[in-house]
Amino acid sequence: MLGKLDWSAIPFDQPIPLAAGGVVLVAILAVLIWVVVKGHLPYLWDEWITSVDHKRIGVMYILLASVMLLRGGSDAIMMRIQQAVAFQSQGYLPPEHYNQIFSAHGTIMIFFVAMPFVIGLMNLIVPLQLGVRDVAFPTLNSVGFWLTATGALLVNVSLVVGEFARTGWLAFPPLSGLSYSPGVGVDYYAWSLQISGVGTLVAGINLVTTVLKLRTRGMNYLRMPMFCWTTLASNLLIVAAFPILTATLAMLLLDRYLGFHFFTNEAGGNVMMFMNLIWAWGHPEVYILVLPAFGIFSEVVSTFSGKALFGYRSMVLATMAICVVSFMVWLHHFFTMGAGPNVNAIFGIASMIIAIPTGVKIYNWLFTMYGGRIRFATPMLWSVGFMVTFIIGGLTGVLVAVPPADFMLHNSMFLVAHFHNVIIGGVLFGAFAGFEYWFPKAFGFRLDERWGKAAFWFTFTGFWVTFMPLYIAGMLGMTRRLQHYDVAAWRPWMIVAVIGMAVLSIGVICQIMQLVVSIRNREALRDRTGDPWDGRSLEWATSSPPPVFNFAFHPDVRGEDAYWDMKVRAQQQSLEHEDPEYHDIEMPRNSPTGFVCAFFATIMGFALIWHIWWMVILGGLGAFATFVVFAWRDHDEYVIPAEEVARIDRVNLEERRSLVSMAGAI
Amino acid sequence: MSMTATAGRAHADPHHIGVVVEHPGPASKRIVTAYGFWVFLLSDIVMFSCFFAAYAVLHGQTAGGPSGAEIFEQRNVAIETVCLLLSSFTCGMASIAADVRNRFWFYLGMTVTCVLGLIFLAIEFREFADLIARGYGPTRSAFLSSFFSLVGCHGLHVSAGVLWLLTMMAQVFAKGFRADVLRRMMCFALFWHALDIIWVGVFSVVYLLGSAA
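One line per chain: the protein sequences are W and C, in this order.
Under the working numbering, the first residue of the first sequence carries the number 52, and numbering increases by one thereafter.
Under the working numbering, the first residue of the second sequence carries the number 50, and numbering increases by one thereafter.
Next up, chain C with everything else stripped away, as it sits in the complex (with noise of 0.2 Å):
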């Protein structure tokens, strides 16, 4: 880091902001693409609040049909909760593995995230498909309509993310520990650990406060 004196060049600082630290010049590859994904993550969380914010103005709008009280099963959430953030650390385990070339580990963090997300998905799945069959499908309420979205929107997400983690182990078997494909690795951890953020927050808001009610 070099500082600049100002003196004798009065014109390239006519504000005269004085001493200034140089900026070193572009990032490196890996800071620009990792960076641009917290940019898209953050812009994604926007999009979850406007969920929740709808659900926060509907989830007394029962018309009539059942509240969070009467549907939510604490059992089937808890286990939810559970697999997401075990899946959240093998996944971990994978990137770890990823960093130091190690294929073995890779492939098993990667099978156990995955398994762990369909374990996720397969339960939220039962847990919808019952709620239709029972009359209490999104068309019942706009409370329902606003759970069905904001839980069925993070689902949809986890669903993605389990496509990704896929083609993510055939690209490292296809590819190996690339530079590429370290990056890439690298937002699918991103993404895998913000979407277990925004379940905290759907288990808090949804879950815990609907059944309180």
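Extracted from the complex, chain W is given alone in its bound form (with noise of 0.2 Å):
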């Protein structure tokens, strides 16, 4: 009846994930208990769960991405302090506890913080920068949040029920295979990548088509801010790289469940097969995740140097040759294989080359910065910290690209420390970045300013202070993914990192604080005019938040830097003061297709994790059901009166046009 369920699946001799588990459980059902009680239920459902408008989408997918940051966060906090304290002894987590911890961290940061984090931004701002309503499907991109959502919820369900995997963030076979890995943990792993990758790929598909097929008149393609330019990079790896990693799980799923032969080692199986095709996929998805980060970057310097972005054209070059190059280096996760030193050689120079297009990027921001007028906002710190942090590790991966250098660093904690350079160094800080300078478009209100160069200043400390000595620890022949340890001279350094730890959590706290800080202040902080910080592009056109239609009128565009080339013509021409004709806007209707979606797949994943196969068919045809009653809709759109649009829309004129003129005066 429940297949291979039962209540042994508890944990009830391990306290800590059933503490963990218990914790989360209680938080839940009172935040639960709270909305129902208050009466935000209707609220919550109308407004955010069957949303389709793209900034609720966005946001959804941040908050998403930052409950599960505390997660990862929390077992990177448990694996220095097991390194910390394990040295001639066994710590305080047993190995198949510590396992799982350092399988979930991986598996959550990437797929379940760095994901949801860029594609939650790129939702929330590309459809601004061009100038339109919406992405190009909406629905469908709520249907892709909620898948997300779902994989994230199984990960966090195999705390309490069952176990994670023990193989580390890519599962690789031998070890993932079932003669190895007999429990549900490799199968909670694979579903609940196999669920959110849908929902990732709609979000390619969806952000494609929006930039390809959706801008305002006038945005050419050269015209674009660059936020869409790697946001189309990106997005572009999505569609081509993600369909792999779903190929090899389906591939490792059928050696699990059915008794196939892609990667065991018997009956012909070929188990570097496997690393051949995750890597196809997972190379590409580190650039997928520092794309983003690179164009965030790229609007960032821009607009706190108050000048144009330096050699516009070359950046869309570099940002179009990482996408096309970033395929033809994934050989270089396994120099140690044994393919022989000519393919070596070659995915060596290949991964090089790669370095260029990026060192182009770097001289970009700098030269953009060089003659600006630098403001030091709080996106700015993340910035500048990111170029000094990025460089450290791009230099350790061109030594890692180094076949020879390659053979002593592999699988060391020297290559732990280069991977952590640069997705916290790139990736995160891009994140931050991106989370500071767009609040007050999402939300109406700055955060404060104070709090968030605290965390600023704390994170940036405690990140060169735990992850300097693990390159240390590296080169002194630490390997990865260590239990416990014999060797005296790792020590010293796992204790300098659990101390650089602890002050990355005060950044943590402090980020934290800037939010509670701030949404109490938030009448102090209100952003009226829509332009908070003397923006270049034209998500700053229209107000904070933006209206559901976003634009009154579709802009105009006539140059790159849109908005600004609106302020500069504005304040030569002296505002047009007469009203406008508005007209009725259609928008999509909201629609719980994708929380219903959801719904089944997180049933059906679950089964299928658990073999209960009447309830995997339950959730396949309610799923299909849930499809087929969307396509029957009668009505999709609603219409927004052309009064109302005039409503929305003086309001904003009316600040705005304050702005310029007080401009003007100066």
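Treat the hints as calculated values from the structure; they're not laboratory data.
Be careful, since some hints might not be right.
[To be verified] Okay, the calculated bits of chain W under chain C, using three or more residues with CB under 8 Å as the criterion:
#, stretch
1, 250 to 261
2, 309 to 321
[Stated by the list, open to error] Straight-line distance between alpha carbons at most 30 Å, and here's what the computed DSS-like set of lysine-lysine pairs gives:
#, chain 1, residue 1, chain 2, residue 2
3, W, K264, C, K224
4, W, K264, C, K78
5, C, K78, C, K224
Glycine is no exception: its CB is placed at the ideal position from the N, C-alpha and C atoms.
Work from the hints to combine the two standalone chains into their complex.
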């Protein structure tokens, strides 16, 4: 009846996951009860859960990422403490638990923190920057978000019901095969990634189509803001790379569920094929994450230097070059596999070549700052911190791209330090820069600068203190994923790293405080003009938060930095004062399709993990029925009357006129 | 198409790109939908390419079991191929019928497409069942694992296509040739033709090359 599921799945003998799971469960229940008792449920359902508004969906993506960042961060703290204490002893985490923690940490941080954070920012901002009212497929967008949330939910369920994978975040066979991992851990891993992978693919298709087919009048390709370009490159990579992940995990699942022989040691299976396939997805994946961050830095550096981006066209070229070359370097993840010196040399050179467009970008940012009137607001701090940090991470990357050096450093702590150096220094700093920069646009008030700066300095310092020692430990021969060790020379560095982790945690607390303080002082921090940073692109041309239709008129773009251009022209001509003629606007109707679909996907995923076959069929039928019901709807749009549009738009127009006339007076 | 002069607006063109053709604005819904679906099809083809790659790597790994030449029956494959290619033609007829809003020809075209798809699936199912009965199931060897997965993945797509086809017929019956129904019909047609293209790949790589070995 319930497949493999019974009471032994609940880890009554392990206090840590049980307590953690209990706390989370109580917190969720408390929030739910509060929502229902206070009567917020209809608001949540109408305005958020069923919303197909790209801004709302973007905010929900970022919220999901933030919550999962806390989960992944707790895993990181537990690992650092374990390695600090487990010198010539077992530490406090038993091996099977420690292995689950590092696997969950990697999986969560990549798939449920970094991915939703950048996809959230792209969703929120790209349609605004393109000057359009929505993404190409609004309802599909909602489906994509909720499927991602389903994956995150399943990973968290594994904390209490059953176990998570002990195989590392990429689940290499034969370890992840049935003979070495008979439990449900790998199944949790694989099914949550399959489901959230569908969500990511949907988001990718949606954003590619949006950028290529939905741009406002005059928004030629070479007038798009840099963030739109990097979004395009990143989502092209999603569309081309995520199907590889889906296929690879499908093969692994066939091996595990139906006794196929793709990656087994028997009957002719080929384990190394898994490495090739998974990294053919995995390497583009790191560029899927970091390219949007590059776009964010481009926007931030240009805005806070008060200058147009230096070398715009070389930046576009560099972005697209990275997009292409990122598919030609995957083998550098396993130089030690023994593909031979010539193959290794080719991939080593390709890996070094990809550093060239990245270097072009760094110089472009530096030259944008050169001669600019720089304001060191929080987003700018994150950007400058990124440049310093990312260069070191990039250089160590070029180092491990040299095959002979890689033979020494493969799977060592040096590698761990390298990829944290680029992912934290690149993606996470970028996500935070974007968060600080666009928060006023999403919510209509700025974030507190003092807490923001404190968060930056603690995170920045904490990062360096945590990860530089790991480079040294790696040089001293320490391999990754050690549950305990006996080498005295490594110990001091592990202790320094745990101190760094403490500093990093203070940074996280500052960030939470910043949110709390800013929400309290929101009236004082209110952004009335919609343009708090003196911005250059179209998202600043509408109010904060933007109305549901984004723009009353499709803006007419006549060059790069469209909004800067408009402001300059407005000053020269003094804004025309006659009232424009407003028209009715059609917007897509809200739809519970995404939420209901994800509900059935959750049921199906859980049933597949535990081999509850009747429930799998139930979930599948439910999902199909949801789509048919959606396809049967008669009204998918509603009309906002012209008077309503006029009323909303006039308020913002007045604020903006006073801003421009003030600037004109100066 | 208007040309923009840069004179007097140097700030709008800081990189002196010069004369540019103005972008006309957002595309129509029909174009956006079809374009997005094309992007999806490309991603689907990438997924198939992984199964093709796995087959290419593993096709020699028979582990003492049968090789392709011993189990492939070219007569069946020929019938399958004819069915699928014909169904693409009838699907095209149905699309034209939908465009000119002719219900009779639309239903007829879709029905024939459905029947041909089902014949294809039946033959494939019989081939699979027969192989498993002889002990040559996917668990026998890595070659058979990759064969069943590649061909089966295509078969699953055809099955999903048949389900979609029936849903489309029901939609036209209930809603008529509405704009959104027509857009969906266009996507379905793209999907069905793409499956044909993939079948050509399967036919060549698996059955033709496999029978020769």
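Compare the distance between the alpha carbons of K264 of chain W and K78 of chain C with 30 Å, and conclude whether the hinted pair is satisfied.
Distance ~10 Å between K264 of chain W and K78 of chain C Cα, so the pair holds.
Is the coverage entry for the stretch 250 to 261 of chain W by chain C consistent with the three-residue Cβ rule at 8 Å?
Holds: 6 residues of the stretch 250 to 261 of chain W have a Cβ under 8 Å from chain C.
Verify the proposed pairing of K78 of chain C with K224 of chain C, using a straight-line Cα cut of 30 Å.
holds (19 Å)
Just to be careful, I want the Cα atoms of K264 of chain W and K224 of chain C compared with a cutoff of 30 Å; is the pair within it?
holds (28 Å)
Count residues of the stretch 309 to 321 of chain W with a Cβ under 8 Å from any Cβ of chain C, then say if the count reaches three.
As far as the stretch 309 to 321 of chain W goes, the hint holds, because 11 residues have Cβ atoms under 8 Å from chain C.
No hint from the list above goes unmet by this structure.
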